[in-house]
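J.: Protein chains in written order, with my numbering: chain A, 178 to 824; chain B, 45 to 450.
One or more hints might be untrue.
[As the list claims (entries may be wrong)] As a list, the in silico DSS-like pairs of lysine-lysine whose alpha-carbon atoms are at most 30 Å apart: (1) A:K325 with B:K395; (2) A:K338 with B:K386; (3) B:K392 with A:K338; (4) B:K392 with A:K325; (5) A:K338 with B:K395.
Derived by calculation from the structure, the hints in this document are not laboratory data. If you're wondering where the values come from, they're calculated on a predicted model, not measured in any experiment.
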Amino acid sequence: MTQKAASTKSASRAPASQRALAIDASSDSQTIGGLVSVTIDGRELKVPMGTSILEAARQLGIHIPTLCHHEDLCVAGVCRVCVVEVEGQRTLQASCAYPITSPIRVNTHTRAVRQARRHVIDLLLSTHYGDCYACVRNNNCELQSLAKEYGVDFFRFGHPKEPRYSTDQSSHSVIRDMNKCVLCRRCVRTCIDLQEVGVLEATGRSAETKISTFMDRPLGEVICINCGQCINRCPTGALRANDPTDEVWAAIDDPTKHVVIQTAPSPRAGIAECFGMEPGTPLTLEMNTALRRCGFDKVFDTNFTADLTIIEEGTELILRLYKALVKKEATALPQFTSCSPGWIKYIEHFYPEMLPHVSSAKSPQQMFGAIIKTYYAQINNLNPENIVTVALMPCSAKKFECNRPEMCDSGYKDVDYGLTTRELAKMISEAGIDLPKMPKSDFDDPFGKETGSGVIFGATGGVMEAAIRTVVELVCGIKIENLFDHADVIPVRGFDGVKYAELPIAKVGPVPAILAHLVPDWKWLEGATLKVGICHGTANAKKVLEDIKAGGKFSECHFIEFMACPGGCLGGGGQPIPTSPSIRAARAKAIYSEDSRSEVRKSHENPAVLEIYSNFLKDGPCGHLSHKLLHTHYTPRGKYIGSAGGI
Amino acid sequence: MTTKTNTLTFGSVEPGLGLKKAVAMSRADVIGEVGASGLKGRGGAGFPTSVKWNLAAAAVSDRKYVVCNADEGEPGTFKDRVILSDYIDLVLEGMTIAAYAIGASHGIIYLRGEYAYLLDGILQALADRREKGLLGASILGKDGFDLDIEVRLGCGAYVCGEETALIESLEGQRGEPRNRPPFPVDTGYMGLPTIVNNVETLAWVACIMAKGAAWFKGIGTEKSAGLKIFSVSGDCARPGVYEFPLGITVAQLLAEVGGEGAKAVQVGGASGRCIPAVEFGRALAFEDVPTGGSIIVFSEKRDMLEVAKNFLEFFVEESCGQCTPCREGNAKLLEGVALLEKGRCSMKYLKELCALGETMQLASKCGLGQSSPNAFLSIVAHFKNEIVGRTVRSNGHNGHGERSQS
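Start from the sequences and build out the full structure, keeping to the hints where you can.
T.: This is the structure:
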C-alpha cells in the first residue's frame, strides 16, 4: 500500500458520502498486472483494480439501470436503483459505487435484485408529484424510462395528489419544481463538485429532505451563476430553464412586430439530438429554413458579433498591453474574456476584486441586440420599438444576461428573449416542422456572413483560437497558415480543463488601417511571447484564478479564455439533454468541421464586420460609439447577499 | 448517576495495568491478545475488534486515528452513559492501547450532543492523564508512542452513530454514511486510516489487557466471548445497567431484572428485533440474537402495534434522507401502521409492506436503513393476530382490545 499523507484528502468539494472513494489499486496481492477478475451473470471479465461493477457490466454489454449515476459526476450511490447481488455479501450493493478489488461473482437480476429495484422505483413514484404529459421532460425523463423498463402499471405505494412545494420561478434562468425531485442529488454534485459553485445542498432529514439553497432563499436571490448545468443533469423535470416561447410566439403572431433571431454556433451542432439524430449532426442550414417557417422575419448568425467581439476584445487587449508595456501604466493583465454570462456572474460573486481583468466587450449576444436596434433599424428604416430580438443560445445564463438592467444601450432592451436549443426544438415541433427534412437555406444579410472563427466560439478554446488567428495576422503581417496548418491552432483545442499556450511574435508587420488610430507601430511587440490560457467549467476557472492570485504561471498570461460550462458553449445549460463527455466531443467535432468548411475563417476578414466599421462604427474598434453600444461594465456582487433582489 | 447496576467488572480492574502491559508488548502481540480474547464490537454490529485493528495497523500512513464512538443514540441504550461517567479512565486507557496497537497518534471521542453534561468530566480525565504522562509524547517512556485525545460533540443525529456518518460529521459535513468499500480502516477521517470503536469495546480492551485474553475468552459462548453490558428498560421491576456474560437467555435475563411474564422483548433497540415470549429461550449472542445491549421489556398490557409505530416514528425522524429505501420506505411502513390502526390495511398490502421491509434490509446504503424495518417485520411475524383486523371506535380512537378474534 502506498504511503498516505495528511493531504491526501481528495480535491473534490463533495462530501465523501456523496463520492465513491478511490481504492488503492496497488494493495491487493490477488491481482496480477493491476487486473482483477469479475464474473457477472456467469460471464467473466478482467478489469483494472477499482473498476466499478457498473462499468464492468457495461463492458460486457450487461445493462444495469441507474438514476443517481452520471458520467460527469462523482459517484453517490444514493438512489439504489443499480443494486446487484455480490456473492458472499449479506446485502445488495450499489453497482455504481462498488469498486472491484478482488475476484467477485455478481448477479444482476436475481429475485431480490428485481424486487429491490422495483420497490425503489415505486417509492420514488410515491413522492414524485405531477403528470408526465404536463411535464417539460415528457419522453426524455429517466424516471419515466425506469418506470417503463420495470413495467410499472400501478402506484404500489401511492402517488401524491397535492404538490408539497411551490415552484421557484425567481430566477431568469433556472426554474425549480421540487415536487418532481427524486433526491438523486445530481444537481448538488453538479453545483458543488463539477462547477464548484455550491448553491444547492440537501437540507432536512428523512422524508423531509429536500434540495435547497442558502437559507432556502429563492434561486434568483442566491449566488447561482445560472449556468444551468444542473438542468442538463437532472433526471426529471424538477429543474428546467425559464421558458419564454409563449412570448416569442406572441411576438411572431403580432403583425406590427419585426422579429429577428440570431443563432449561436452551438445550438446548430446540438439541435439534431432533439430530433432523434446522432450527436454531432449539424443542421445549420435546415434550421435557417425552419426558423423562417416558424415565422421569424430575419435569421442572422451570431457569428457576426462573435467576429465583432474578436475585433473589440482584441483591440482592448492591444490597448491594455500598450498601456502596460509602452506607457508603463498600471493595467489589469491578463485580460479575461467576457462572452460567457455564467462565467461573468461567477466572477462577480466569487472574485469581484478581479473584475478589472474582464474585457469590457459585451458578449456576442448582447452586441448583436444593440446593433439590431440601432444600425440594423437605421438601414432598414425600422422603428426599434417594433423590433423584437430573439437569441437562440445553448445557454440558460443568457436569459439572465439579456435581462441585466445595463443591457439597454440601444435605448431599448437590446435582446428581448433568450431561447435555448431545447426551447427552439419545441417551437419547431409545435409548428409541425420536421427539422432534419428541411431544405437548406442561408442566413439573411447583412449579418449572415459567417466565419469559421465565429463558429468555434462554441467550443472551449474557440475564442482564443479566433483571437490568435486575428492577432497574428494583424500584428505579424503574416498568414496564420504559415504558423499552423490550415489555420487550425491545435494547442488551444481539446477538452483538458486548463490549457496554456505560448506564441512567440518573432517579427511584426505594419499596423493595419483599422487600428492605425490606436498604436503608431508594433515594434514594442517584436520578440515578445504571447501567453494565453484557456479553461472551461467554473471549477477550472477557480484553479486559474487562484493560480493568478498566487503569482503562478497564469499570472504571466496576457489573455485568458473562460467558459462557465464544461466543454464550452456546446455543453451549455440550454443544450439538449442528456449530456456526457462523448456527446460534447461529437458536438465539438461538428463545430470544427463547420469551421474548416467556411470560406472565410478569420474574424477580421468578415466583410460584414469591415462594413460596419466603415458605415456605422466610424471611430473604429473601441471607439466612442462602440464603447457605447458594444461594451459594458460589471457588478461586484460578492457572496454575501443583502435584501431580496440584490443579485 | 443513579441508574441501577449490578456489579460491573469495570470497577475491579486495576487502572493503568492494561496499558502498562500493552506497551511492554509488541504492537502485533497486543492485537494478537485482543484477538485471542474473542472480543467483538460492543456497539451491536459485532465485528471482531482485532480484525479491524489489524487492517488499520497494516495501512501505511504517517497519521492514523482512533475514534471512540460515544454517540450512544439507540433507543433504550444508556450503558455507555454510565461507562463514560463512572469508568472514563478505562475508556481512555482502551483508546490508548488501541492507538498503540495500530500506530495512531490522534484520538477523538465523538460524544453524543445530549451527553454534553459529561464533557467536563471527560476533559478533566484527559487533563489528568496528560499530567501523569499517560497522554502526550513518549507515553510511559515508550519512544515514539505519542497520542493525544480530543472530544467532539455530536448534534443529535442518530445516524452519526454509524461509523462513516460519524466521520463525515467529524469532517464538518452533513452526517451521512459513505459508500463502502473503502472502509475507514483504510480511508477514514480526512481520508486517513481510522478505527472507530464503541465506548464499551474500548473499556473491555483495557480489562482484557489487564486480566488476560484467557479470562475473557473463558466467559460467554464460543462465538460470543466475554461479558456484555446491557441497558434494561420497560416493563420490569429493576430496570438499569447490567453486566451479563454473552449467551445468557432472554428468560434468564428477565429473571434477573424482574421482567418475568413479559409478552415480548425488544433486543437491540429500535434497530433490533422483537422477541416473543415463545422464543425467550434464545441466547443473547452474536450467533443467535445479536445485540448492542438494549433490552426493552413489554408486558402483556402493551399494544405491539403501538410499539412498531413508536420505532417507525423514530426512523422516519432519523433517516438521513440519502438513499431511497430508507428515506421513503420508513415513511411507507409508518403509513401502513396508521392503516393497520384503522383496520384498513388489507392483508395483500401488509404482505407488500413486508416485502418492502426486506428490500430496505437488502438495498439501503447503511446499517440504519438495513435494520430500520426489523422491529416492524418481527412484530408482524409474531403478533399478526394482534395487529390486524382492528376496528375504529365511534369516537375515532383506535379500537385496541376490540380487534377481531380471528
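J.: Give me the numbers of the hints this structure contradicts, sorted from smallest to largest.
T.: none
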